[in-house]
Every structure is written in structure tokens, then in C-alpha cells.
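J.: Below, each chain spelled out in residue letters.
Number of protein chains: 2
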Amino acid sequence: MRRLGIAELGSAIGERVEVRGWVNAVRDQKRMQFVILRDETGMAQGVLEKGDEPSALNDAVSALTPESTVRVVGEVVEDERVKLGGLEVRLAELEVYSAADPELPVTPESSMDKRIDWRQVDLRRPDRRLIFEVQTTVEAAMREHWREQGFIEIHTPKLMGSASESGAELFRVDYFDRTAYLAQSPQFYKQMAMAGGFDKVFEIGPVFRANPSFTSRHDTEFTSVDVEISWIDSHEDVMAFEERWLRHTFQSVAQRHGPAIEETFGVELVVPELPFPRVTLADARELLRGHGHEGPQDGDDLDPASERALSAIVREHHRHEFVFVTDYPTTVRPFYHMRHPDDPSLTRSFDLLWRGIEITTGAQREHRCAQLRTQALSKGVEIESIDYYLDFFRYGAPPHGGFGFGLTRLLMQMTGQDTVREVTFLYRGPNRLTP
Amino acid sequence: MRRLGIAELGSAIGERVEVRGWVNAVRDQKRMQFVILRDETGMAQGVLEKGDEPSALNDAVSALTPESTVRVVGEVVEDERVKLGGLEVRLAELEVYSAADPELPVTPESSMDKRIDWRQVDLRRPDRRLIFEVQTTVEAAMREHWREQGFIEIHTPKLMGSASESGAELFRVDYFDRTAYLAQSPQFYKQMAMAGGFDKVFEIGPVFRANPSFTSRHDTEFTSVDVEISWIDSHEDVMAFEERWLRHTFQSVAQRHGPAIEETFGVELVVPELPFPRVTLADARELLRGHGHEGPQDGDDLDPASERALSAIVREHHRHEFVFVTDYPTTVRPFYHMRHPDDPSLTRSFDLLWRGIEITTGAQREHRCAQLRTQALSKGVEIESIDYYLDFFRYGAPPHGGFGFGLTRLLMQMTGQDTVREVTFLYRGPNRLTP
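Residue numbers (this note's numbering), protein chains in the order written: chain A, 1 to 435; chain B, 1 to 435.
The shape of chain A in the complex, shown without the other chains:
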């Protein structure tokens, strides 16, 4: 007897098969019993006649609670009247693996908070599951491109002896008789890989931010995608890599999930054309003003409203959903971003916006030890705390650059969700450490 996924039942008309799955619903009528079964591939109707004397099997069906897990055996019968695939399974055997408590604690309409409390039930909905299928495809496509280009995968330590960038928003860990810190980004260590001759690296892993805010974009732990590339001429090489890499990723997602995303979330996935539009921050400011947005002041970063406005302008004028904003002033960039030789108030840096939200921050890094030290001093960084980092560049380092990419922000936009909590397997925030 074959064990089949529900989506395969159409190939087994007239056959006795086994199905394992969830009880989606039970209708216990006077003469007939119906069990809607659900597995990872779809839903199907199980059916059983009931005589004047209910059989043991009838009683077992009557006792079923929704969301219990079961193994059923039965003959697959074609029936055009049945909405679920035009077939039904005539139940012959039923085994209950795990009986669900009768009252479910949560529904799709429950608050986000309550749904996270019962994430194990919430995730069973096919639309929630689709989000993580898309995530799986996104990461696989990214890795495919990295692999073709000869990148090395690294796993950098999340436990650090001192702060990775600034001392703010840092989690402290009791580490034997001292204090460790949780990495806010793999930034310094991916640069160590460059100094270590690894040439091109990537990492997908958790980062930690002791950020007390509760916005739809923030969490205290999230999955960061990091890339670093050696022997570049400028940040332009990094952007040229990123746009090809994203195009490949979008192609892969569109091919595998495009119709499902559109049907489930009402969001069209547009594979972006190359090259992506680029605009300097100074020009972006002018562009925003020309369109009646106040925009950021000189020396300031784009705020979320400006990001949305800029994306809308670019979409209208360039028919493109992406835009690289480049050449940020040193005031809003960390000390290790390389400065323009002809204008040291500007950095060789960029952000990437997609549909009004920043999904990437990147730059060429300063690889010359003395210059790096000078820049750190000019930004008021305590040299002692970054001595080990400066050491990375004392014995030769290639010119290099890279970017950090927010996986959850991408997924949020890709599946039309309104908060990163929906696209995070299990959200962590200032008040949220459970389940």
C-alpha cells in the first residue's frame, strides 16, 4: 500500500492508500461522516457511512478534534461533486497519533501577539507556511549565485570580547568570570576574512540588537545576510555584484512561487532589470525637494518617509522598484567606510531601497591601517576598544567592500506583510522571549 501526499491522490483513483496529516475539520452527520484532512501538500475529504449501529470506526471519527494528527487508510474514489480535488477517501482505518485539546487557543484573526504565543498553531496555515517556503528559496538562490562566483561561507563568532561597532544596543553575556557581548553584525569578522585572504565571503546568521523599540521593522534578534568582496576598485563593484545577485534571487523566487505569492498575498513579484538606478544622497535630496518633500537636511540620513517618497519618484521616472542611494556623508556613516579621495566629507557608501524600505547598507571599507585609525579618532571612537580590529590591517589587507542585507525586510515586502514579526519564525522583542 502506498503512502501518498494529498496532492498525489489524483494519481491513485481506485487504489487503497495511506495518508498522514492533520484533521482540518470534522462534519459528523446522521448518516455520513466527513473528515477534512490536511497535509503539507493540500487538503482532501475523507468519508465514512454511518449505520444505525455506529461502528468503532464511526465512534473514532466522532471523537476526533480539529488539529489532531492522524493516519488514515482508504480507497480513493473520484467524485466530481467534491470541491477538494474532485475525489474523496473512503475511510477504512484511522489511527490517532496525537489528539488535540478541543478548544484551539488562537485563530487567524487573533492579535499578532496572541498568534506568536501559539506560533506552533499559527504556522500551520498554508499562507504562513508559504512565507517560509519563499524564505527557503530566497536563501537557496542567493547561495547558488555565491557558489557560482566562488564565494567561501563563513560562520563568525557571535560571542565577542568587546563591542563590534558602537557600544550602544549591546547585549551583555555572563562569560565565566568576565563579560562577553553578542555580535550586532559580523562586520569586523568578515573584514578579517578579507585580511585572511578569503577573497569573497558570505554569511547568513543571527545578529543581536538591544534596541528597545517596538516598530514593525525592528526586533532584538534577526537573520542578517552578509557579503564581503576583495580587490575591488570602489563601492561601485559591490553594487554591481548585489544587483546581479538580487536579480538571480528574484528570478528564482518568481519561477517557483510567483503565482502562489500573487494568489495568496495579492503581491506581484517583479524581476528587476539591470542596472538598478543610482542616485547620490545629495541628488536624492534635490529630487525630493523638487517633488515637494522636505527631505533630510544636509548631513542627515534619509528618514523612513523620505525613503518611501524617493522610491515612489524613482518608480515613476525609471519604472524601477529598486534604487541605490550613494555617497553618504561621513556624519551618518561609521568610521570604517572609505572616504572619497576628492571629497573626504563623503563616503564610498550606499543604501539599497526596495519599495520604499532600506534593505541594504554597503560600502567600500578603509583597508589602510593608518588611515583607518585616523578616521576612528575623528569619529571619536575609543581606539583601545578597536585595537584588535586595527590589527586586522597591519599585515597587509586587500581593498574590499561589502554589504549587510536584511532578510526579514526583504521577505516582508515580498509577501506583502506589514511587520517583520510575520516573516520571522519566532519573533524576539524587548518584551518577547517566549515561546
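These are computed hints drawn from the structure, not numbers from a lab.
Predicted, not measured: the structure shown is a model, and the values here were computed from it.
Take the hints with a grain of salt, since some may be wrong.
To be verified - 30 Å max Cα-Cα, derived DSSO-like pairs, lysine-lysine: (1) A:K200 to A:K379; (2) B:K50 to B:K83; (3) B:K30 to B:K114; (4) B:K50 to B:K30; (5) A:K200 to B:K379; (6) A:K114 to B:K200; (7) A:K83 to A:K30; (8) B:K30 to A:K200; (9) A:K83 to B:K200; (10) A:K83 to A:K50; (11) A:K50 to A:K30; (12) B:K50 to B:K200.
Since chain A is already given, all that's left is putting chain B on it; use the hints.
T.: Just chain B now, kept in the frame of chain A:
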């Protein structure tokens, strides 16, 4: 003018090309200067004549320090006498990206500790780099197999509100006004994914153990590979998955790096035959005694010496490097391992040994909430601390099982290294939080 990797120079005889890389060594003779250049693809010799009046370029070469990074331009000339590829580059231009301090702090012969202090220099050696190329291939092959089988990738939280398994070896984090704990494994959360209807999942990510030991196998942070599968009949299904998955992985590594691994580390990579041998722990104990090893007592786990001895016996008798040891007693297994229905003192569990070292622990899990609670009580687990975990199984859960796999242990054996520190990008131990 083409920019080429050193391995490509043979295709450019007579051509003026650009090369970017490291100064491996300089020989500054009376009439000739030689610069050995190194990049990610290999090494080549640069050459420059010196007249009575040294040129600016001669002076620049004289000033080069080993491990500096440079860009050179020159004509590629065939010369059979040159050991490095039978060619040399006649230097015409030289740009120094980053000049290395003259005295290197570390050599390949330095102590492991010192080499970790200067990991950015240590990693430049091609044999160190090969370890991480192998790691990249290992993970890519694992993912390839998961993807073919329809697995979903998850990223479980590393910040937890309470202990993941036992309270021992747990790192504490200051989390706003309370305490969080670093995940020792994604165990509970990958089971949540099963309860959440994800069917088959994997995760590759960091785990944290506040283990004060300094052995060659231990660290406080390492990369764990985790798998969990639903709708299984027993732990046998999990083992059947793992052996196919490992065979695929070994095939991929052998194909891509087999000769390099043998040449560099003197280790032969043997692609394992299916199925892997299986032996119950009770039988393993008899086998060990029959071969003159004392072995573990009843109810005890295998110690490292017994693991080595058992692997040697299996290798001799089955000509196989792997062995599944199954059916561990409940005394040495956690409460959530499913027990044998016909002998509740034994669990449906297994370890996998490879070349004398345990690389996997797996089991079918108990998915029935009431039974799980009973088992927790019988093992003296404080129910309050696992209430949230028991909740995972209250509203239906499929029968499931899986395993945790030590990536660093696999790599250590695969590349013939004597400690996990060699195969970890940046080791973390009780006294080691830097760089």
C-alpha cells in the same frame, strides 16, 4: 588590459595583464629583483631588471614587505626554468594597496593559541583556506539534498526565556530588565516547526555551551546542523535519511576536493556505501568486550575510547567507516526521546560514529503530550520550566524525529586536523573571546 587570477596567467603568454594579490616573498638581488605574488588561485613570479641607477620601480620593489597587498601590471613571459607555472610576469607597474609591517607576528609553526591571536595572517595559508572551501562545499551539498527532498530552512531564536534542555552549561544574557539564555541547541524550536506543520526542516546556525573544558573537541560556540522530519514510523526513518544525505555530501566533497584533501592533508576521503552498519548499544558493549575492551557499564554511554575501539572493530569487520549505535537506555538520553513500547528502559535513539568520533545524536521524539510530561517527571525535569515546550504538543503534533550534527567534528576528521580549533573560523573557549 585584462585583470587575471594567477591560475589564469598561462592563457596570457605575451600579453600585458594586471594581477592583484599578496607579496609572498621578495628577492632583491644585485641585477635582478623577484617578487613572488600570491592570490586565491596560486603563486607566480614577478621579475624586474635593475641597472646601475635603480629606477623608481626598483626602489618600490626594494621597499616591499612580505604580505603587503599589491596591484602589478606586466607582460606574461614563458620560461621553462621558472618553477611556478613555467612563466613569469615582467613588472611594468606596481601599486601598493596596503604595506604590511615588516616583522610578521606568527608563522605556521607558532602555537595554536598564537595562530588564533593572528588568525587574519594564519588563514592566508592555502591549507587553512582549503578547510573552509571544504566547509563551503559540505554545506552546499547538504542543502542541495535537503532542497531536493522539500525541506524548509528555519532560523530559530538564539535568545530564550528559559533553558532549552537542562540548566547546565547555560550562558545568561542581560535582557533589558530580565535574564535571557543563549540557546544550547535548536532542539525545542525545530520540534515547534514540526507541530507547526513544517513537515521537514533544517537549520545551520550557532549554538552556545558554557562548557569550561579545553579538550580538542569542545568550544563554547559552534555551528550546529539540525534536521527534523515528520510522519516517521521510528528512528530508523531518521537514520535512513541521514545516511543518504551524508553519502550525497561525501560524493560532492570527494568530487570537488578529494585530490586536494589527499595531497594537502594525506587523508583519503571514502564515499560511504549504503546502508551504514547498525548496532544496538547492548550489542556494541558485547562486541567491545569480545575484542578485549572493557567498554561502558550497563546504562552508561560510550566513552571516547570505546567510540574509537568500536569504530576500529566495525571498520575491520564491515569495511565501513560509519556505524550507527542505537537504542540507548533512558538513563543517558533526554526525557523527550521516545521510548520503546516493548522495553521502556530503552529509547528510539541513535548516535553516529565516524572514524572513532561521535558526529550525530538523533532520535524519534515523544510527540504525545501526556506521555512527554510523564517522561519529564520521571527524569526529574522541573515541569514549570518546560511548560511552553509541552504546549507545543497540546494541539496536535505529528510523530517526528531528527538529529543534531557537529559540522566542526566532521570537518576535523575530513581534513585530518587534531582539534576543532583548526576548522573553526575563529575559536571561542573559556579563555578565548578575541580577536
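J.: Each hint should be assessed against the structure and marked as holding or not.
T.: Hint check:
Simply put, A:K200 and A:K379 have alpha-carbon atoms about 28 Å apart, close enough for the 30 Å limit, and the pair holds. A distance of roughly 22 Å separates the Cα atoms of B:K50 and B:K83; the hinted pair therefore holds under the 30 Å criterion. For the proposed pair B:K30 and B:K114, the alpha carbon gap of about 36 Å is over 30 Å, so the pair is violated. The suggested pairing of B:K50 with B:K30 holds, with an alpha-carbon distance near 7 Å, which does not exceed 30 Å.
About 48 Å separates the Cα atoms of A:K200 and B:K379, which puts this hinted pair outside 30 Å; it is violated. Simply put, A:K114 and B:K200 have alpha-carbon atoms about 25 Å apart, close enough for the 30 Å limit, and the pair holds. Under the criterion of a C-alpha separation no larger than 30 Å, the hint pairing A:K83 with A:K30 is consistent with the structure, at around 21 Å. Under the criterion of a C-alpha separation no larger than 30 Å, the hint pairing B:K30 with A:K200 is inconsistent with the structure, at around 38 Å.
The suggested pairing of A:K83 with B:K200 holds, with an alpha-carbon distance near 28 Å, which does not exceed 30 Å. With a CA separation close to 22 Å, the supplied pair A:K83 and A:K50 stays within the 30 Å bound. Note on A:K50 and A:K30: the hinted pairing holds, with a Cα-Cα distance of about 7 Å set against a maximum of 30 Å. Between the alpha carbons of B:K50 and B:K200 the distance comes to roughly 67 Å, so the proposed pair goes past 30 Å and is violated.
Of the numbered hints stated above, those contradicted by the structure are hints 3, 5, 8, 12, listed in ascending order.
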